[in-house]
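Protein chains in written order, with our numbering: chain A, 7 to 212; chain B, 890 to 1195.
Among the clues, some could well be false.
To be clear about the criterion: a stretch of chain A counts as covered by chain B if any three or more of its residues have a C-beta under 8 Å from a C-beta of chain B, and this derived list gives those stretches [what the hints assert, rightly or not]: (1) 37-48; (2) 106-113; (3) 116-122; (4) 171-179.
Keep in mind the hints are simulated off the structure, nothing from the lab.
Nothing here was measured: the structure is a model prediction, and the numbers come from that model.
Every residue, glycine too, gets a C-beta built ideally from N, C-alpha and C.
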Amino acid sequence: MSGLADGINRTARRIPVWPLYILGVVPALAEYALGLTGRLGVDPVKAIEQQLGLYALQLLIAGLAITPLRRYFGINLLRFRRAIGLLAFFYVCAHLATWLVLDIQLLWGQIWRDILKRPYITIGMAAFAMMIPLAVTSNNRVLKRMGAAAWRRLHRLTYLVALLGSVHFVMLVKGWQLEPLIYMAIIAALLLLRLDFRRMPLARGA
Amino acid sequence: MRYRFSTGLRHSDVTPASVFHARRRFLAGIGAGVGAGVLGLPGAGRAAPDITRLKPNTYEEITTYNNYYEFGTGKEDPAENAGAMQTDPWTVEIGGLVERPGAYGMDDILKGAPIEDRIYRFRCVEAWSMVIPWNGFQLSHLLDRVGVQPGAKYVAFETAVLPDVMPGVKRNVLEWPYREGLRLDEAMNPLTLLATGIYDKPIPNQNGAPLRLVVPWKYGFKSIKSIVRITLTDSQPQTSWNMSNPGEYGFYSNVNPEVDHPRWSQATERRIGGGFFAKREETQMFNGYGEEVADLYAGMDLKKFY
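With the hints as constraints, model all of the structure from the sequences given.
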């Protein structure tokens, strides 16, 4: 393909994957550091909770963008996708833990009612639950044992996770705000790109 | 079914001593009959209120964490964007079923208005809360001045729409102008305040300068900001959040831990400013003002009229 894509691919091949896992958690730590030192406004707990959720959505989008980038632009970042996916799971966990511990403060009665009764929380929890098998199977050993086809089929759950994540965001704000709708539109677009592709003959996998 | 209400909460629980004594002077002025009931003077021998736990939020907290969607949907947006709003001169159009309708300038509105300190709890429907030392006067004072006609049953309010300085009104997060309303008896209740200041300073733009409503027993969105229109009506007026999402926001929107909002449990709340590990508090029926306002809703099913 284009020279630009080749250049990116050449550079990407030289970058090791492992530092991504370390760099990837820095924003979460930074967010907590800012909150603890009073630099996130007067409601640091909410600010952290929301920012961690936002990072998770952004990572999910990044993960979903890998395939279209390769297909339409010849840019191959496939080797970073596992790290991106696992980091997304890390941010979802941090987001959830912040809600449980600092926001709702382990009031289990209220937490349980919230999960059952508030659709946006139900949806968020469902997305979190679906990410667990994805995170657990994100290593070579399990991948080999499952077989590539079964593994790929399982990991299509990511599509649903991302979609539910964006619905969770749209539903939790008051009124029809722009930002969550943009997230939802981007995720929908990334999924639609795949849908069209699979209908075509000679589809090259998910 | 009548709700049951029993908390030890008194207005004085949130009142520092200096203000409390100022209020005693004010109460002496208006006569104890109404005043004591309304402001919930503590009985003799009551334990001293826990002032440390219930002290007012700081000026910074109150003025940097706002919901004022005309200036953006982020909590810091209003503080950042509202500075350009001109609030002097300011005119409030008062009309409908009143004896003396007209465009009232702020000077006129404030003439003779008995401005007091009122430290109120403020409970947002998003399940956070603050304690705010307002300066203002009772809405009843203004309504008495303009003369309410016998047929009036409701009071409708509108916020200014100033596209040049309000970036938020370009988007239809809500249908502008922002609208709110009260039943006439709610509006006439002595707790219902038209606020003009916070901490003895003119009320900042992001908090609803120059004139805003404060209805402490209702969720915060009922306390409409930067009022430009007050209309007395004989039918229930439309209110913005109810128009936007009638299943979630009722006309009354009284603070009620037993009636859940579909998205936020209303059983507990987080006090802003408590820092990282502030403990959630239980939300009180009518935000703790049941003694003063419960009678307004006697016989009403508050699950239906939420």
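Verification of the supplied hints:
1. Beta-carbon proximity to chain B at under 8 Å applies to 4 residues in the stretch 37-48 of chain A; the threshold of 3 is reached and the given coverage holds.
2. Three residues within the 8 Å Cβ limit are the bar, and the stretch 106-113 of chain A against chain B gives 5, so the coverage statement holds.
3. Counting residues of the stretch 116-122 of chain A whose CB lies closer than 8 Å to any CB of chain B gives 3, so the stated coverage by that chain holds, three being the minimum.
4. With 3 residues carrying a beta carbon less than 8 Å from a beta carbon of chain B, the stretch 171-179 of chain A meets the three-residue requirement, and the given coverage holds.
When the structure is compared with the earlier hints, no violation turns up for any of them.
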